[in-house]
Amino acid sequence: MTPSILFKDIDEPGLATLDVYRARGGYGDRLKKALSMERDALVEELKASGLRGRGGAGFSMGTKASFMPKGIMDKYLVCNADESEPGTFKDRELMQKCPHMLLEGMIIAAYAAGATRSFVYIRGEYTQQADILEAAVNEAKAAGLIGERILGTDCSLSLWVHRGAGAYICGEETALLDSLEGKRGNPRLKPPFPANQGLYQGPTLINNVETLATLPHIIEMSAAEYAKIGVENSTGTKLISVSGHVQKPGNYEIELGMSSRDIIYGLCGGPGEGRSVKLWFPGGSSSPVLTGDDLDLAYDFNTLAKAGTMLGSGAIIVVDDQTSVVDVALKTAQFYRHESCGKCTPCREGTNWTVKMLERVKSGEATPMDLDLMASVCENIIGNCLCVLGDAMAMPIGSMVKKFRGEFEQYIEDARAAAERALLADPDAAEPTPFEPVAA
Amino acid sequence: MRSAGDPDVYVDHTPRTVPRFAHGSRVPGWDDPVDLTKDPAGVPDPAVCDVPAALRAEIENHMARYPDPRSAAIPALHAAQRMYGWCSPEAVEQTACVMRVTPGYLAAIAGFYDQLETRPVGRTSVYVCTNISCSLRGADALLATLQVQLHGDEDVNLRGFECLGACDIAPMVSVNGVYVGPVDEGEVSELARQIAAGEDPLPAKQLLRRPCQDPNAASQDRNQP
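For the record, the sequence lines run as chains A and B. In case it helps, this note's numbering puts the first sequence at residues 445 to 884. In case it helps, this note's numbering puts the second sequence at residues 5 to 229.
I should point out that these hints are in silico values taken from the structure, not numbers from a laboratory. We put the CB at the ideal spot given by N, CA and C, even for glycine. Heads up, some of the hints might be wrong.
Here are the computed lysine-lysine pairs in the DSSO-like style, where the Cα-Cα straight-line distance is at most 27 Å [stated by the list, open to error]:
no. : chain 1 : residue 1 : chain 2 : residue 2
1   : A       : 514       : A       : 634
2   : A       : 627       : B       : 42
3   : A       : 452       : B       : 209
4   : A       : 476       : A       : 452
5   : B       : 209       : A       : 692
Covered stretches of chain B, as calculated for chain A (at least 3 residues, CB under 8 Å) [stated by the list, open to error]:
no. : segment
6   : 77-89
7   : 133-144
8   : 178-187
9   : 191-202
Chain B with its partners taken away, still in its complex shape (with noise of 0.2 Å):
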């Protein structure tokens, strides 16, 4: 029988895994096997570490924003994920050369904001709003058609997101940040069909081209002299 004094107890170096976060989890990496034998990474040596310039100039004019330097741990985290396409842990550790944090610090950040990919993703974003505006009118259909047509893409990262804050064009898409909306089932393999070939998607249904629907916005005397 062992006892609470029996140091064999409470210090167990076997890996496993342990299904804890199976559902609804954010926290990447829950079931990989963590190696208790090593140390954390420390902040990493800038000696050592090689940073390309442009991405540590990008992060420093970041830096420099803020009182507190670490603040510009999302738009340095964004602007890694520009380069390398996702948070991968090159991007990360780099990211944290130039910050001067630990990775770990910076991969808790990655793991809890949606934008922030923490497994290797295409690099054409397309995001489904798939709230409950949206999928009164029809997103959910929308986002399994576009699984269908786009699958296989590998550039391509669909994913269902919650409210994009457009349910006036709902259901809608966004396209690498371009909003459009709203998308007709008889236009889905149209803007399928631009996304895969990366050009821009239905121009004349894009956000920015809307006019806003108050009838009192535009005064009637707005064109006289």
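Okay, chain A solo, but in the shape it has when bound (with noise of 0.2 Å):
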């Protein structure tokens, strides 16, 4: 059975107060024993958990944590709450039932690294998420786990809670720094990373929700132990958010390694009676996709790596055989459209353009060509922009072009003749009806 750690009791009444967190142990031995630690030998310790990111980027959490620079300067931890990879929603519902995991998780990741400034950038849409993390916010600050001289160490933070606007790119660490610094979210040029020269030009450590709630775990169970969880170079629980086609949606906390059959089957029941499993996205819907052939890749960041797409946020999302690929590729292209910042020019005009070529394939003017045309504008994206927003359209859509090439051709070649019976039927009809998507 799967070890229950982040969404232990989750569901417990209360869990969102300090003192039935307090009643299980938090801010306590743990937290002391932390703090009580020498910074290095902290992050050794995490570096020893092989914990990774938990936002999309799986970059283990103790070497970046090491990156930040030593000596007496104005050092900043961020934590990133700005969900909104389509798909993803498990920090949510850790926000939302345990704020108080994240803000200890933050004490001990702002002693590793040696800040003293906090900030959780959480989107705007979470209203009441960020309402009740405020309340939790409030609760520490009034029982001195957060400010100055937190448990009588020299150990002292302040944090703020700070609401965005609704921005996928301010997801993106660079443009949440930008944001949070009261810019215009885009993306910075890297390097200089974060590490050196983030907020406010200070070194700034950023960690996703779920990464900071694990710590206060790790620590008790000990970096070992919890290295014991999962498989190599995949350690620990991981959240996934399973959405969809499937009959329980729903976020599980799995070991990593697990098959993805038991994820998408097992966990969730799979799509309904009669269907199948036509195409998912293992992280997220900037992760290339995979199809029914593969769900018996074990789910970890190496193996779905080698299978050539990532595990990134860990949003599973199902699309059964009843979806035609082409509303999926079209859905995926405007978003990263509409949330393209428009700095960069290959994803500005690359994702515009995957759109209407898409709308052509969608009205019956497109030719197989214009699919060559498609993959070729994806490889442009691709690695040329200053974050991976365009990549992160690229690569699905370039994804499902190369695994569904039959079913788009035929799509083409269906609607083609469908406008041209159309036409035939009323050939007053000035013009076709362009498609036109819904407004966002």
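Two chains, each in its own frame: build the complex with the hints.
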């Protein structure tokens, strides 16, 4: 059975309050233990746990913390709670039901990074969750857990919840920093990386909610024990968000390395009666898609990378065989077109032209050559922008065209024939009605 | 024939509309003519710009949280939007006056973010997620039905929205930040009525009441002494 770490008794009434969280051992011995360790020893402990960032990139959390420069200067810790990757909703459940776990993790991470100021950048749409989180922060401040000299140690931390205002790009770490500085959320050129020059040009450690919430548990059970969960290079448990055509969509905590079939069919009940999995996004809408034949892959960072895709944020979106791949591709591309910040030309133009080409496919004006053109547009986005938003469109669209090329071509043929029939039936109709996407 | 030295070539004060951003642009007012004869607005003068005390206090409270007060731009615009219903020129000017930045700086921020409105809209914001997971479960039809049922209601700002982070309750609607879902076909009329009447939307289907789906999350011995 999967060990339950983050989600253990998550529905316990009142868990969002300090008293119940404390009764469970929160802010107790494990926090004292963490704050009494030497900084370097704490960072080594985090490295030894093998914990990889849960936000999408999967970079080792301990290594990231070790990049923070030594010395006395203003250093910052930023929690990335701008969970906007389509299909992802795990941080929402954590913040809503157990906000103190995140705060405790932030205290530990801030101590490891030597940061004295911290911010939680939560997406503006999560109004209720931000309210719950702010209430928890106020409780923790009143109890002296956030502020000067936490638990009598020389560790001090200020913490504010900062609400965004609806922009997918602000989940990208440097765009998040720009947004937090009160600018438009445009990604920055890297290097310098945030560990050297981040928020207000100071060294900054940025981590996802789930990553930070795991830290208290790593300290409590020791890094060596934590590293025993999961598989090599993918240690620990992972919260996954399963949505789309499954019978029981929701958040699940799994041990990394579990079979994908067990997740989609076992935990979530699979698609309905008489339907089968046509394609699935293993790590949010930015990950290249897999098909029904790939269901036996183990769900961990390395296996999915070898299969040409990624674990990303752990969001599985299942699409069944009754759905056209063209619709899925169009929805995906429209999202990235809307969310592209416009700073880099390949992404701004590439996402727009991909949508236009997919609309041509839908309206029957495309030829199979358009598929090649689309693939070439996608190729020219990847790696040519400051951030990976463009890549995040190009990779899934590219993989869909590659894996379902036959269906795309059939669709083009059918749509063209339908348009022709409509024209023959009513030759006076001036123009075929253009495809109109729902305005977002 | 015109030459490069001719001063009239490059300085053209005629206001014109240039339909460059017709598709997918997030730049508000792209087709509004700009009066190029005027200087851009500077930082508003506090002696002239009258800011309501409550708004000033809220913005200053936010500014005090950050090493750089400009960080408060988004929370400040949110506060002004709550007061005026949208980021109106008046709201932006007052915010700029308190924050000591130019209105243009804040207009650029307001134009970037989806939740900051740069046009007058209804007070009740109703977002219907139309992203992949929700559209697989009928979000487009839900949005279309709501558009019909709430048609003409000027208090409601109904819009399709990108992923709202609640794919487990797809198709879902966010009513002033309260997430409800999954909204069945039969419930749409009831939901529309509640939105129009300003009632609590579908109380039984609100996200905050939804238990975690993970079967391992509730341990067996929880209720034992």
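| If you check each hint against the structure, which ones fail? | 9
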